[in-house]
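Enquirer: With the hints as constraints, model all of the structure from the sequences given.
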Amino acid sequence: MSNDLYPLTLEPLVAEQLWSGRPGEPAPEEENLPPGFSSGTLFMATSNSRVAGGPQSGRGLGYLRQLLGADLMGVQAGGDFDGPLPVELKLKRTGESALAVGLTDYSLWFILAAEEDSSINVGFKPGLNFKSAAADAAGDPGRWSEFMPEYPVETGQILLLPKLAPLLLGAGLTVAQIGPPAGNLSNWPLASQSGEGLRLAAESESPLLLVPEEISPGRELLFDDEHCSVTLITTTHLSTVAAPEAATFLWPLAGQGRIRARGPAPVTRIQPGRVIMLPAALGRYAVESGASITYLLIEAS
Numbered sequence: 005m006s007n008d009l010y011p012l013t014l015e016p017l018v019a020e021q022l023w024s025g026r027p028g029e030p031a032p033e034e035e036n037l038p039p040g041f042s043s044g045t046l047f048m049a050t051s052n053s054r055v056a057g058g059p060q061s062g063r064g065l066g067y068l069r070q071l072l073g074a075d076l077m078g079v080q081a082g083g084d085f086d087g088p089l090p091v092e093l094k095l096k097r098t099g100e101s102a103l104a105v106g107l108t109d110y111s112l113w114f115i116l117a118a119e120e121d122s123s124i125n126v127g128f129k130p131g132l133n134f135k136s137a138a139a140d141a142a143g144d145p146g147r148w149s150e151f152m153p154e155y156p157v158e159t160g161q162i163l164l165l166p167k168l169a170p171l172l173l174g175a176g177l178t179v180a181q182i183g184p185p186a187g188n189l190s191n192w193p194l195a196s197q198s199g200e201g202l203r204l205a206a207e208s209e210s211p212l213l214l215v216p217e218e219i220s221p222g223r224e225l226l227f228d229d230e231h232c233s234v235t236l237i238t239t240t241h242l243s244t245v246a247a248p249e250a251a252t253f254l255w256p257l258a259g260q261g262r263i264r265a266r267g268p269a270p271v272t273r274i275q276p277g278r279v280i281m282l283p284a285a286l287g288r289y290a291v292e293s294g295a296s297i298t299y300l301l302i303e304a305s
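Each residue of the sequence shown is one higher than the one before, counting from 5 in our numbering.
These are computed hints drawn from the structure, not numbers from a lab.
Take the hints with a grain of salt, since some may be wrong.
To be verified - Have a look at the derived ranges for each label pair, beta carbon to beta carbon:
1. A247 - G143: 53 to 63 angstroms
2. E119 - R264: 33 to 43 angstroms
3. A141 - S51: 29 to 39 angstroms
4. E209 - D121: 20 to 30 angstroms
5. L225 - P268: 51 to 61 angstroms
6. L71 - T159: 37 to 47 angstroms
7. G143 - S296: 45 to 55 angstroms
Quick caveat: nothing in here was measured; it's all calculated off a predicted structure.
Backbone N, C-alpha and C define an ideal beta-carbon position, used for all residues, glycine too.
Expert: Written out as structure tokens, the structure reads:
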């Protein structure tokens with residue numbers, strides 16, 4: 005194990021910032037959001053993320069992937085350390101207005117908070133006339149929701165969305181998104197002449213509601229496939245010891261604690277709003293808390 009390895013706290017990157025209040029009015033601070041962030045998208049872990057503390061402070065994950073290679077990413081990464089992270093973590097909050105989301109190969113969503121009557125729109129309604137819909141929505145992009153199936157959502161749900169399905173997140177949602185880097189939607193949702201758009205309309209599928217599998221008290225397996233595994237862990241006055249074998253991310257949701265590990269930063273603080281990357285060759289580590297702490301553990305395959 006390299007002596008340079010330690011848990012890497014990542015700084016969130018604001019992809020976009022929307023304001024629900026009056027122009028110039030600061031948004032309220034919350035425990036799991038950076039000051040002033042009202043709604044939009046936060047990249048919690050991406051190739052452009054930078055380390056917040058320790059000897060690697062200020063360095064980007066893209067650079068560290070090349071520097072540390074398999075020690076950081078694991079042998080299953082296959083030696084390809086130049087491309088984007090295989091899994092990106094994003095926090096999305098819609099505030100008072102809907103939010104359009106880019107296309108991904110697959111997309112796992114964990115509803116962290118949902119106001120009453122919250123919903124999402126996924127895919128397109130079968131038989132949609134794109135030319136007519138594009139004309140109707142030309143002056144009001146919000147009208148696209150009229151042409152997309154709507155699904156109610158609530159706090160605690162885990163959804164797997166259809167491959168390459170466009171998505172509208174309704175108002176009043178805070179959502180964790182886990183998946184590969186998203187494709188840009190320069191002409192979202194899709195131009196009327198787009199063959200891909202017509203295919204999506206014809207093959208529209210419903211989002212899959214996942215049921216967690218309890219693997220031990222305080223641990224629920226939310227998702228596991230060839231891309232990644234996601235486990236929801238709640239610990240109270242306990243110390244959990246494990247050893248990652250692949251690039252692993254710890255995403256705190258509630259409570260505070262610390263990670264103890266060998267290396268140049270033996271103690272790493274756990275707090276909501278900061279994802280921690282656990283290098284594949286980190287070795288054994290302990291997650292400790294003096295009270296209840298809840299977090300997602302995401303292991304890239």
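Enquirer: Quick check on a hinted range of 51 to 61 angstroms for L225 and P268, using CB atoms only.
Expert: 33 angstroms, violated
Enquirer: Against the range 45 to 55 angstroms, how does the distance between the Cβ atoms of G143 and S296 compare: consistent or not?
Expert: 50 angstroms, holds
Enquirer: Go ahead and decide if the range 20 to 30 angstroms is satisfied by the Cβ distance of E209 to D121.
Expert: This hint holds: roughly 24 angstroms between Cβ atoms.
Enquirer: Take the C-beta atom of E119 and the C-beta atom of R264, compute their distance, and say whether it sits inside 33 to 43 angstroms.
Expert: With Cβ atoms ~38 angstroms apart, the hint holds.
Enquirer: May I ask you to test the hint 37 to 47 angstroms on the CB atoms belonging to L71 and T159?
Expert: Between L71 and T159, where Cβ atoms are some 40 angstroms apart, the hint holds.
Enquirer: So does A247 sit 53 to 63 angstroms from G143, Cβ to Cβ?
Expert: 57 angstroms, holds
Enquirer: Taking the CB of A141 and the CB of S51, does the distance hold inside 29 to 39 angstroms?
Expert: 33 angstroms, holds
Hint violations for this structure: number 5 only, all remaining hints satisfied.
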